[in-house]
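Protein chains: 2
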Amino acid sequence: MALPQTNTVVRIHPGKLADIRVEQLPTPTIEHPDDAIVKVLKAGLCGSDLHAYRGLEPFTEPYICGHELIGEVVALGSAFGQEVEGRPALYGKLKVGDKVVSPFTCSCEECHFCRIGFPSRCVHSLLFGSPYLPGAQAQYARIPKAGGTLFLLPPSLPADMPEESFMLCGDILPTGYFAALQALGHPNVAPIIRGESYPGVMGAIVPRVQEEGTRVIKEDQKLGVAIVGLGPVGICGLVALLDILSQANVQTYKVYAVDPVPARRAKALAILKKMKPEEAAHVEVLDIEEAKEKVTKETVKGCDAVLEIVGNDSALVLAYDLLRPFGVISSVGVHTSPQFPLNGDTLYTKNVSASFGRCPVRAMFPLAVDLLVRRRDVLAGVGGEEALVERVIPMSEAVEGYEKFDSRVWGKVVFDPWA
Amino acid sequence: MALPQTNTVVRIHPGKLADIRVEQLPTPTIEHPDDAIVKVLKAGLCGSDLHAYRGLEPFTEPYICGHELIGEVVALGSAFGQEVEGRPALYGKLKVGDKVVSPFTCSCEECHFCRIGFPSRCVHSLLFGSPYLPGAQAQYARIPKAGGTLFLLPPSLPADMPEESFMLCGDILPTGYFAALQALGHPNVAPIIRGESYPGVMGAIVPRVQEEGTRVIKEDQKLGVAIVGLGPVGICGLVALLDILSQANVQTYKVYAVDPVPARRAKALAILKKMKPEEAAHVEVLDIEEAKEKVTKETVKGCDAVLEIVGNDSALVLAYDLLRPFGVISSVGVHTSPQFPLNGDTLYTKNVSASFGRCPVRAMFPLAVDLLVRRRDVLAGVGGEEALVERVIPMSEAVEGYEKFDSRVWGKVVFDPWA
Ligand SMILES: NC(=O)c1ccc[n+]([C@@H]2O[C@H](COP(=O)([O-])OP(=O)(O)OC[C@H]3O[C@@H](n4cnc5c(N)ncnc54)[C@H](O)[C@@H]3O)[C@@H](O)[C@H]2O)c1
Ligand SMILES: NC(=O)c1ccc[n+]([C@@H]2O[C@H](COP(=O)([O-])OP(=O)(O)OC[C@H]3O[C@@H](n4cnc5c(N)ncnc54)[C@H](O)[C@@H]3O)[C@@H](O)[C@H]2O)c1
Ligand SMILES: [Zn+2]
Ligand SMILES: [Zn+2]
Ligand SMILES: [Zn+2]
Ligand SMILES: [Zn+2]
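Residue numbers (our numbering), protein chains in the order written: chain P, 1 to 419; chain H, 1 to 419.
In case anyone wonders, no lab produced these hints; they're calculated from the structure. Among these hints, one or two may not hold up.
Which copy? The list can't say, so a pair holds if one copy fits it or any two copies do.
Stated by the list, open to error - The calculated lysine to aspartate or glutamate pairs, modelled on EDC-like cross-linking and capped at a C-alpha distance of 16 Å, are:
(1) 93 / 212
(2) 218 / 110
(3) 218 / 397
(4) 404 / 212
(5) 274 / 290
(6) 301 / 61
(7) 95 / 321
(8) 294 / 31
(9) 301 / 403
Since the structure is predicted, the reported quantities are computational estimates derived from the model, not experimental observations.
Excised from the complex, chain P in its bound form (with noise of 0.2 Å):
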């Protein structure tokens, strides 16, 4: 099938601020054998694509935006249709028509990293949208690597998912997701949730030598979880969080989910309503002042993790203020400031473990298709101040979503390219 020659784009433009354009491009083409060229059904709009727009991510030359896409399959590399031992499954799975989810950057599934499961620090990765990569706010776009950097859709989705709810599994939701596990799976939230003593629960590794056995008593048991932020990735760690305690049938546990933001607020609180009430029941939506002192009565010292899901400073103190000793602060958030708000005297009195990154977004897909489907009556609604996605607008009116969505008068938008 011969694609059209031109490509209609969202480019953002240096020299001046916030300068995007809709533009015609030529259509990518297969540059390397093991390349895709995917038809963008719908692009998302992202809280990163907007650290360029403000001016805080440095570009010389205009580029592609955006880097969340469901697509299908148009055209495919000559390392696709063969089975070849030792490459990942989809150079001989992929078919022209499928139907795709991208992460934010590509990734091999061939190196080191990516076979370790931290794709998103793949020897080749290159983030979609950036100087470097061509995004997904287009017609179509070019994947690397396309047989490590694709999800395959399940053939058979529930029909009541509209596509754009799919937008949430390219960054998003196994971002939220990734805070979320990365949170509860630390060995120092352990103890809390199986009942066992440090170092006891570290037995996987070394094995049990005169242990004094655990001393953990039931009302120990009580874990604490603060979210700090409710943008659209710390709404997904929310609903990722309490999933995950359903699943691994935790039953004592309280979030605090935390923003400043009265709006922000108000549509966590909109969809933890779509949550069952059990799992809801364990929330408080709270501004920064009511969590200390919620988190200041309720806790012994503070919570056990904390998801820093804001990207700045105030954000990074606030975790350290909210975490107990030996807490574990998960941060997602993509930060500018110079110099870290805390030192190391502080983060050695209160025995801190912190983890900070990027999401290994391809390593999750499965996990945040499963959490997407499962969850869709919470997660996959599309429209109106209640939803994640809340609108889907021709890509033609770019500008205005950029416009609206800075400016924090839309929530997540979604863009059509062929509206």
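Position chain H with the ligands relative to chain P; hints supplied.
Coordinates of chain H with the ligands only, in the frame set by chain P:
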């Protein structure tokens, strides 16, 4: 048994630097039913004692130094002698004449943090040898919350273990062990050790849904660990690391043991010579430039974990430089620098996970004592430059001991309060 009225002690005085004095004070008495008085058989001099000595920790009143002891119980408060349901067993069991070691902080074993395994952040925790609790460099010491704090040594210890070797248990051996355990037990290292991709390795917490199966291959399972700092704690970390890996039957690994000071590297080599050759063969002892070069050449973008056992900015930055993306920094160094030398962007970019702070010594005791006894040929030697405890001197010579230890003319020093 009536105790003598005077107690010879080592005190540090404020006002000028390094003002160490051997003095006579009243012998401590039981102040609380949970107290014990311990006759100090040997007391250690530790790097942490030097913080105040060097003027890095302000204080206004003289206090008794030291936080490492092996001792014999000489008096017990009224809480002892009866087993009370829910209280630590030692309240029922400990007797005058028993040999004990103590962690560098007291802890109750009865609060939330003690029960979950983090006694160094016990709500009753006080540091021995600080303005808040008289230390161990004395003939007699008062141990608060003694049923929680003390560790009863097994009645039959190998005859070839000198008393002073147990000095290692109060601080440096558990701290080194903790540094190693915290690194190896982190989920981001687990794919290497267990051969299972992330996030599958989190399966203990998250029921496994729709996983794509592990992609880890044999050549991914080369564990690389750096130890930054080969002071007494670093050497204990090295021995513990090798022991844990042996016990866990990990075969393919490489340890980069790093210190800029030749004498420290020589000591590490001397200790390594006492390990099994097949263990020592995994280790290279290197200066900073050699370490950077080797790690760059031999690993995929860095070590899986780095133990930071120094406590300054250069060590933290080196730990970062030696680390692979999604690697783990286990930091036990005490940091006094006002600003953290890494920032949110650098931490994000490498997906750093890091843990900081004080070792939960009391919880590590069973593992540390077991290690000390099993590895007594390596750890328990006393005297000479090839031993961890380099010399035992009369406590009356403490002034010289501090001087020589501070200037690194002597390695680890132990005081005999009765010589
Ligand atoms: N690590 C990753 O892979 C990854 C992926 C996607 C997004 N991100 C980052 O995650 C962060 C969140 O993304 P988003 O799209 O939800 O952003 P967003 O800007 O829409 O939401 C951030 C929220 O944090 C709130 N906030 C600000 N200061 C706060 C404070 N001190 N305490 C509590 N809340 C505070 C804001 O009111 C806002 O609602 C961003 O930094 C984004 O760049 C990271
Ligand atoms: N977390 C805890 O519970 C705990 C317990 C005991 C000691 N400590 C701390 O652990 C640290 C180590 O204790 P120690 O007694 O072994 O100290 P030490 O001062 O004897 O040893 C530190 C070593 O680090 C080396 N070093 C300095 N800069 C370095 C760099 N950039 N790279 C590599 N090596 C470097 C020095 O040459 C020295 O050999 C100290 O900060 C101490 O206060 C912490
Ligand atoms: Zn995004
Ligand atoms: Zn890769
Ligand atoms: Zn010490
Ligand atoms: Zn306690």
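Hints violated by the structure (numbers, ascending):
3, 4, 5, 6, 7, 8 and 9
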